[in-house]
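J.: Using the supplied hints, reconstruct the complex from the two chains, each of which is provided in its own coordinate frame.
The listed protein sequences derive, respectively, from chains A and B.
Residue numbers for the first sequence follow the numbering used here, beginning at 1 and rising by one.
Residue numbers for the second sequence follow the numbering used here, beginning at 1 and rising by one.
What the hints contain is simulated information worked out from the structure, not anything from laboratory work.
Hints may contain errors.
What the hints assert, rightly or not - In the DSS-like style, the derived pairs of lysine-lysine whose C-alpha atoms are separated by at most 25 Å in a straight line are: (1) Lys-71/A to Lys-39/A; (2) Lys-44/B to Lys-39/A; (3) Lys-142/A to Lys-71/A; (4) Lys-52/B to Lys-156/B; (5) Lys-52/B to Lys-71/A; (6) Lys-127/A to Lys-90/A.
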Amino acid sequence: MTRQYLLTVNGKTSFVTTTPDRSLLDTLRDGLGLTGSKKGCDEGECASCTVLLDGVPVNSCLVLVGDAAGKSIVTIEGIAEADSPHPLQKAFVDLGGVQCGYCTPGMIVSACALLREQPDPTDEDIKFYLAGNICRCTGYNKITAAVRSAAETMRAAAGSAPTRRTA
Amino acid sequence: MAFAVLEPATLTEALSHLAHEGDAGAALAGGTDLLLRIRRGGRKYRSVINLKFVPGLTGLAWDDQRGLTMGALTTFRAIEHDPHARRHYHALVEAARVIAGVQLRNLATVGGNIGNASPSADSVPPLVALGATIEIASTSGMRVVPVESCITGPGKTVLAPGEIFTTIHIPAPSTRSGNAFSRFSPRAAMDIGIASVAASVTLDTDGRCADCRIALGAVSPIPLRATASEAALRGERLTPALADLAGELAAAATRPISDIRGSASYRRAIVRTLTTRVIQQAAARAAAAGAR
Ligand SMILES: Cc1cc2nc3c(=O)[nH]c(=O)nc-3n(C[C@H](O)[C@H](O)[C@H](O)COP(=O)(O)OP(=O)(O)OC[C@H]3O[C@@H](n4cnc5c(N)ncnc54)[C@H](O)[C@@H]3O)c2cc1C
Ligand code: FES
Ligand code: FES
Numbered sequence: 001m002t003r004q005y006l007l008t009v010n011g012k013t014s015f016v017t018t019t020p021d022r023s024l025l026d027t028l029r030d031g032l033g034l035t036g037s038k039k040g041c042d043e044g045e046c047a048s049c050t051v052l053l054d055g056v057p058v059n060s061c062l063v064l065v066g067d068a069a070g071k072s073i074v075t076i077e078g079i080a081e082a083d084s085p086h087p088l089q090k091a092f093v094d095l096g097g098v099q100c101g102y103c104t105p106g107m108i109v110s111a112c113a114l115l116r117e118q119p120d121p122t123d124e125d126i127k128f129y130l131a132g133n134i135c136r137c138t139g140y141n142k143i144t145a146a147v148r149s150a151a152e153t154m155r156a157a158a159g160s161a162p163t164r165r166t167a
Numbered sequence: 001m002a003f004a005v006l007e008p009a010t011l012t013e014a015l016s017h018l019a020h021e022g023d024a025g026a027a028l029a030g031g032t033d034l035l036l037r038i039r040r041g042g043r044k045y046r047s048v049i050n051l052k053f054v055p056g057l058t059g060l061a062w063d064d065q066r067g068l069t070m071g072a073l074t075t076f077r078a079i080e081h082d083p084h085a086r087r088h089y090h091a092l093v094e095a096a097r098v099i100a101g102v103q104l105r106n107l108a109t110v111g112g113n114i115g116n117a118s119p120s121a122d123s124v125p126p127l128v129a130l131g132a133t134i135e136i137a138s139t140s141g142m143r144v145v146p147v148e149s150c151i152t153g154p155g156k157t158v159l160a161p162g163e164i165f166t167t168i169h170i171p172a173p174s175t176r177s178g179n180a181f182s183r184f185s186p187r188a189a190m191d192i193g194i195a196s197v198a199a200s201v202t203l204d205t206d207g208r209c210a211d212c213r214i215a216l217g218a219v220s221p222i223p224l225r226a227t228a229s230e231a232a233l234r235g236e237r238l239t240p241a242l243a244d245l246a247g248e249l250a251a252a253a254t255r256p257i258s259d260i261r262g263s264a265s266y267r268r269a270i271v272r273t274l275t276t277r278v279i280q281q282a283a284a285r286a287a288a289a290g291a292r
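Isolated chain B (complex conformation) (with noise of 0.2 Å):
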């Protein structure tokens, strides 16, 4: 698996590498998937640019007007600590928390999960939820898309050549507005979602449902939005019987496969329940945020 490591100390120079490598360069933040996809010979490279002496592409920043601004090589373990993130993002920090071990959290970045591209990746239903950007760069310039438009499929980025994440923003939550993740695996820790869903919430002051936003994770080839059950919960209020209509009418949006971790019906069960669960927790979060 003999590949170069190339340790840029700026982003002008790891971004000059990459347009410089082209494909065969790859962008190495934890390693935790690039490592493996390298030592399992799926793919071969002839220098992996390493972005950990990059200065700011880590660590989180909050603005009480702007919200959460981290950089795309945070790790896991960094968002299940920071106290803002805790605070203001529960589905967030719910993702970081399932996500493998420990030890492995030190290590694995956001950046590195998105990039990635799995239909699995715990932390794509939470920032697409609360409606997260990504801010991309490249040699020629900088440009912003909606995490929500960022894959494009298994795998597959809207990166092109030369291009990297640098940094991640997360709108602040409006006032009575809360938000939470949910993930089914057969086994609690160390495994992969068969399902999980994101959903942020906002309440008017009449206790109804102002605003929503839905995510779906695992059973869809690119981010999914739940955008009928979105528009069945807006302006109503959150009985179980719409909380359960929205729950069906997810579970009808998906595109799930049949795989060794489960059937495709299976998955749409699932997807009903979580979907179900998840918007009644948000919106008591919601609840809850406005009382304070």
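Only chain A is shown next, with the shape it has when bound in the complex (with noise of 0.2 Å):
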């Protein structure tokens, strides 16, 4: 039994005919073809499926399209501004924070959460709260790199003097 869910993802609304028992990430990646979230484990231990639900970060494969109806949906596509990648973006390629590549929308999306919640991370709480996000392949250290370098640029854009923290 179908049903037709209205999803806003990254500021454009739609309706979506699916059956209830459907994940975001599968309406996501085959109901509107928006395929940046990844399907690492479809287990909640990977993160690669992270999506900010009303600014909130979230394992996409473990909600129920319906709870995340007439929320504010964001995915991987929808954090670049306009035409030029976001500072995080920029940074994960500049730093080598990406190899393989599965694991990043994930990460960009926690780490945009992150830079949110809390503008100056040090290194502690970049680890923290990317604890999550599963990488085979960086050994973490360029992941950590690229969020503190983003933060910087994001803290000198906001016209904040650029502060340096150690962990």
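T.: In structure tokens, the structure reads:
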């Protein structure tokens, strides 16, 4: 038995017809063609499927489509500003925080939520916040460095003097 | 894994769905256990009853006299951020912070953690050590059960078909009391505990242990109080030797299993060390609270 759900993804609202036992992740990927969110495990273990639900990062593989209806959903496709990459995207590329790239959408969406909560995180803050995001390539140091660097760029752009902190 | 999703808008409606569906239905909170159980083919349900749209089942409220009241659907991330929980119930916040990662903690609820009844459920030892109770509702009324007697076996609770958890209540801490939690797992994050310990200690004006509650996790099928350790501490000054003895008594009380994560004797050794450390930390916090 299918139902219609009104989903607002990256600011755009559309109707999706699917069954209520579908996950938000499958609905995004198969229903809306937004394949940026990855399905690494479908079990909550890897966070490659992270999206922001009303600004809060969640594993979209464990969210039923009905629980996302009527909320603001932000995926990796909605992170960049206009046609220029988000500072996090640029820092991940510049500093080698991307290798195969499978974990990257989840890393960047999650880091985006972190920097909204804590614009000036320590390395420990970054590691704690991204502990659920599994990467099998980079060894994490470059990811931490990329998030720290993007945080600096974003604080500088926001007008505050860049401060350097160590963990 | 086809199933229907019922979305009751009131508690009355939720309870009548649960009563009607019986064994063919399951209450859904964060879904981080239930959806996996269904997806892995472990259980088939005709319907899940999504409790997220029922008002009054989330959020934390603090009262100086009554303590902390929280809805069963309160997420671990909300607990982690709550200023009163952070001030009075370190054990619970310390447990919340080790559960999975931030994304999962934004979904996973405390009621679901109890409902899933895993021996390694991380919120259970703190709730037991803090003397928490849980309110259970059904179409035929309401009852209150201590969290300690809520879990009756791995995956089993006192809930009868048609019943749900609605509210968890933790009494206000007495003066000169402190509490702490510690979990040991091989990996610091995204791992299940090999063993965990929570303790709550109240000191008298002399600095002796007036009262204490110690709860052990992942080392028995049901929540386990280290009653022999508690008895050894009561009325005594917490010397390092006594803390060590309490650890030994706690380890002796456990009924751990041997599995891929660790042998029974390894778990016992871990419990011994964790207990010694956790009661000392709880006592140090109690002394600091007394000095305030
Ligand atoms: C990757 C991953 C890592 C995890 N790590 C940890 C960890 O470190 N520590 C830990 O303790 N757990 C861990 N878990 C397990 C799980 O996240 C927790 O047990 C969580 O608290 C379950 O809550 P939920 O709201 O998602 O429950 P759900 O999945 O919605 O429900 C779980 C069970 O409880 C019942 N239930 C839920 N709410 C109620 C209610 N109000 N009344 C009656 N019954 C109810 C359901 O019917 C179901 O049987 C992990 C899970 C995953 C997927
Ligand atoms: S796909 Fe969702 S956590 Fe791995
Ligand atoms: S870059 Fe390959 S998994 Fe992270």
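J.: Are the hints correct? Go through all of them and say.
T.: Status of each hint after checking the structure:
| no. | hint | result |
| --- | --- | --- |
| 1 | Lys-71/A to Lys-39/A | holds (21 Å) |
| 2 | Lys-44/B to Lys-39/A | holds (23 Å) |
| 3 | Lys-142/A to Lys-71/A | violated (33 Å) |
| 4 | Lys-52/B to Lys-156/B | holds (23 Å) |
| 5 | Lys-52/B to Lys-71/A | holds (14 Å) |
| 6 | Lys-127/A to Lys-90/A | holds (20 Å) |
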